[in-house]
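Using the sequences and the accompanying hints, generate a full structural model.
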Amino acid sequence: MLATVLANRKKSVISSVVGPTQAYGIPGRDILDTILTVKYTLQEMQRVGGIYLGLDFNKSLDRVEDGFMWEVLDRFGLGHQLIQCLKLLYNNAQARIRSNGTVSSPFHLGRSIWQGCPFSALLYSLVAEPLANALNKNQLIKGTDRASGAKVNTKKSMVMYCGEEVQTPGRWDFQHAEQSVRVLGVQLGVKQTAARDAVWERQLQGVTTILGLWRMRDLTLNGKVVVTNALVMSRLNHAMAVYDLPSDVVTKLDNSRVTFLWKSSRNLVAHKTLIWERTRGGLNLVDLKSKNYAFKIKLIRKFLDPNHVAGWKDFFGDVLSSLGPHDQLGRCQVLKKTHTAV
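Numbering follows the UniProt record's numbering, with no gaps: position 251 of the sequence shown is 251.
Not one of these hints is a red herring.
Dumping the calculated DMTMM-like pairs for lysine to aspartate or glutamate here, alpha-carbon to alpha-carbon at most 25 angstroms:
id: 1; residue 1: Lys10; residue 2: Glu71
id: 2; residue 1: Lys291; residue 2: Asp197
id: 3; residue 1: Lys39; residue 2: Asp314
id: 4; residue 1: Lys87; residue 2: Asp66
id: 5; residue 1: Lys291; residue 2: Asp33
id: 6; residue 1: Lys39; residue 2: Asp244
id: 7; residue 1: Lys191; residue 2: Asp244
id: 8; residue 1: Lys313; residue 2: Glu129
id: 9; residue 1: Lys272; residue 2: Asp248
id: 10; residue 1: Lys298; residue 2: Asp254
id: 11; residue 1: Lys296; residue 2: Asp244
id: 12; residue 1: Lys296; residue 2: Asp33
id: 13; residue 1: Lys252; residue 2: Asp287
id: 14; residue 1: Lys313; residue 2: Glu44
id: 15; residue 1: Lys298; residue 2: Glu44
id: 16; residue 1: Lys296; residue 2: Asp318
id: 17; residue 1: Lys155; residue 2: Glu165
id: 18; residue 1: Lys156; residue 2: Asp173
id: 19; residue 1: Lys291; residue 2: Asp30
id: 20; residue 1: Lys289; residue 2: Glu201
id: 21; residue 1: Lys291; residue 2: Glu201
id: 22; residue 1: Lys263; residue 2: Glu201
id: 23; residue 1: Lys156; residue 2: Asp197
id: 24; residue 1: Lys87; residue 2: Glu65
id: 25; residue 1: Lys302; residue 2: Asp287
id: 26; residue 1: Lys272; residue 2: Asp244
id: 27; residue 1: Lys11; residue 2: Asp30
id: 28; residue 1: Lys298; residue 2: Asp248
id: 29; residue 1: Lys151; residue 2: Glu65
id: 30; residue 1: Lys302; residue 2: Asp33
id: 31; residue 1: Lys11; residue 2: Glu71
id: 32; residue 1: Lys10; residue 2: Glu129
So the derived label-pair ranges between C-beta atoms look like this:
id: 33; residue 1: Ile51; residue 2: Lys87; range: 39 to 47 angstroms
id: 34; residue 1: Arg63; residue 2: Thr259; range: 44 to 52 angstroms
id: 35; residue 1: Asp56; residue 2: Arg215; range: 31 to 39 angstroms
id: 36; residue 1: Val48; residue 2: Met216; range: 50 to 58 angstroms
id: 37; residue 1: Leu55; residue 2: Thr208; range: 28 to 36 angstroms
id: 38; residue 1: Arg217; residue 2: Val250; range: 21 to 29 angstroms
id: 39; residue 1: Arg111; residue 2: Thr154; range: 16 to 24 angstroms
id: 40; residue 1: Gly206; residue 2: Gln115; range: 20 to 28 angstroms
Calculated from the structure, these hints are not laboratory results. All residues carry an ideal CB built from backbone N, CA and C; glycine is no exception.
Right under this line is the structure:
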């Protein structure tokens, strides 16, 4: 309860402390902004050259040193009273290990941010901010791992050379990516069309697997709609926010849903009826095209909002500026039609 109270107090001001490159646990920020920033950065690096490096930190929350965390909170000015309240939760903390039904003796925890704690996401974003600031100011950074306890997982970290950048094999002990990398579950690459197709192919396979497992259960029609909306559509969110949804993919996804709902290759009830609200005789089935339009409108709203700060907006603005008046007018007409359709 104390952790919840402390977290709620700091949520309103945390965005003024943590820079816009971080979205984890920060109210008002979206993980999709991070994905889009990487996407447009890769496009630019393919043009001018550059090296993408994606670092994976081994057991990132578990390795945070308590002393480093308290120093960071103090340097960011979170206040003596708040830090002391957090220390009441963390100091003298103990844990036990259960293995094969046997519980070990308690031992002292000298480091780690507790996963599941209401304050854990905010704490880790604050702990990671010194590294984010250092990256913005200096390309040669040393000693971060010794101070914070962080350790890079080289087996999951990726390096990718973009454009005409000269490759230096063996320079880093990281995995090498040729054309694309996976960022927060979405495939991003220097060849956008190939990366997009790879994303949707992966999503189609995932949808087929999920529906195949649930098809073996004796579900009502309402139950099947809940499964498709909650388990199927939710996994498509990031992909639809980053990439356009090709018409052939829409057809394949709809065919998979039709087969799951009716055990037939065709709808027994009109699709436009199924997507209506229940008060109008429908089943609230999520419509793929409308959902896709909604994500595009959300993107434009973010771009037009001067208070929304995100790295991808600079790249997006350059793309629009490069278009001629005729193309810009065409884009506006598309957005107008999209808004009407939704």
